[in-house]
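Position chains A and S against the provided structure of chain G, taking the given hints into account.
Residues per chain, in single letters:
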Amino acid sequence: MTFLNTLSFGLLAAAFILVVIKMFLEPSRDHRILALGRAISLDLMATLAIGFITLFAVVNDKKLFLDVAMVLALIAFLGTVAFARYLEKGK
Amino acid sequence: MNYFILNIILALTWAMLSGEINLTNLTAGFFIGYVILYIARRALGPSVYFSKVIKMVHFLGFFMKELLISNVRLAHDVLTWEFHMKPRIVAVPLSVKTDAEITVLANLISLTPGTLSLDVSSDKSALYVHVIYAEDEETAKREIKNGMERWVSDLSSQEKE
Amino acid sequence: MFAQILMFIGAFFMFVAALGVARMPDLFMRLQSNTKSATFGVGFLLLGAAIHFWEFAISIRALAILIFLFATSPVAAHMLGRAAYIAGAPLWKGTLSDDLKGQYDYKTHELTAQPEEQQPKPRKTGEKRTK
Chain G
1 MTFLNTLSFG LLAAAFILVV IKMFLEPSRD HRILALGRAI SLDLMATLAI GFITLFAVVN
61 DKKLFLDVAM VLALIAFLGT VAFARYLEKG K
Chain A
1001 MNYFILNIIL ALTWAMLSGE INLTNLTAGF FIGYVILYIA RRALGPSVYF SKVIKMVHFL
1061 GFFMKELLIS NVRLAHDVLT WEFHMKPRIV AVPLSVKTDA EITVLANLIS LTPGTLSLDV
1121 SSDKSALYVH VIYAEDEETA KREIKNGMER WVSDLSSQEK E
Chain S
2001 MFAQILMFIG AFFMFVAALG VARMPDLFMR LQSNTKSATF GVGFLLLGAA IHFWEFAISI
2061 RALAILIFLF ATSPVAAHML GRAAYIAGAP LWKGTLSDDL KGQYDYKTHE LTAQPEEQQP
2121 KPRKTGEKRT K
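Protein chains in written order, with my numbering: chain G, 1 to 91; chain A, 1001 to 1161; chain S, 2001 to 2131.
Excised from the complex, chain G in its bound form:
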């Protein structure tokens, strides 16, 4: 684990923390818009997780973890789509 890898991990962790903080500090009053803002944050967190797993696989030299990233890439958007559909239709 070199300095540059540590720095990459740090950046990704900072990104995670930022998104989580943003998720709790949504400014909107309307509950649908608030939920949509949180859905955006959640969507970004899924992508961040894929990046994190990839980095982890490289740093620890474990190829198997890339499969986890692949499955996550396949199914991560389903939740967002379902959420968006629900918010579009529902009250």
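Just so you know, the hints here were simulated from the structure itself, not pulled from any lab data. We put the beta carbon where it would ideally sit given N, CA and C, even for glycine.
Pairs of lysine to any residue residues, derived as SDA-like cross-links and limited to a Cα-Cα distance of at most 25 Å, are as follows:
| hint | chain 1 | residue 1 | chain 2 | residue 2 |
| --- | --- | --- | --- | --- |
| 1 | A | Lys1052 | A | Val1035 |
| 2 | A | Lys1124 | S | Ser2097 |
| 3 | A | Lys1097 | A | Ser1156 |
| 4 | S | Lys2093 | G | Ser28 |
| 5 | A | Lys1086 | S | Pro2025 |
| 6 | A | Lys1124 | G | Tyr86 |
| 7 | G | Lys63 | S | Gln2004 |
| 8 | A | Lys1145 | S | Leu2096 |
| 9 | A | Lys1086 | S | Met2079 |
| 10 | A | Lys1141 | S | Val2075 |
| 11 | A | Lys1055 | A | Ile1005 |
Short, incomplete list of chain S residues facing chain A, as computed with Cβ under 7 Å:
| hint | residue |
| --- | --- |
| 12 | Val2016 |
| 13 | Leu2019 |
| 14 | Gly2020 |
| 15 | Phe2028 |
| 16 | Gln2032 |
| 17 | Thr2035 |
| 18 | Lys2036 |
| 19 | Phe2040 |
| 20 | Phe2056 |
| 21 | Pro2074 |
| 22 | Ala2077 |
| 23 | Gly2081 |
| 24 | Thr2095 |
| 25 | Ser2097 |
| 26 | Asp2098 |
| 27 | Leu2100 |
Using the frame of chain G, we list chains A and S on its own:
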């Protein structure tokens, strides 16, 4: 004769002759088969199979360039304190007609930074796009029409070379 | 070493995406930041992984992840953007024009195309649309 099926048969043959059917051999066989078919294209009759692939490679280059430039621009905007954005929602009239083409176009527009396709009108004649850097409306529309849409309609056209 | 530099660039772009989501003033621009910079960053990270392992099976896997992401993230962004507009998310006050205004039928969610001659009038933005 379908070039794609021929190419797959050539790839299989290559893999069998190599003595082991695995992904590496199949891929290598596919590329070698492609080159062989390209050399023999006069004898086998004209097809879009070759011009399409060359166009596709050009398109990939164009797409990568767009991606890089506008990502750096967006990153600069996010990292500096004030925003220089000029967002608009514009309606782009569509000249591609089939559902598949519209889907691909909308996805590509969403992937190039600075533009995000929001919705297609119910009669499929206009695509509503959110553009971040749009000095004026006509330029933004023209950029999308001449850039992405031309590529998509070029790649989906069925003309012989 | 080269792989590490690529992965650092990727991580940097993902951080920019997160910062964009946290900072951007309206929902649509946050979506933009989310879809683009994040996908771009993952692309760099995967490229770094492919170079690090330098093995055919891994490269194919990285390519597959990238293709899945490039196919699915615009769909998610489109659904969220559409839902946000229908829910009446306010546009940023600097937004210059909005062709979607008045085009939705909020009962059926049908969307009409704009007639060519009826050019959009400059509208006041930053206000909340009424349903």
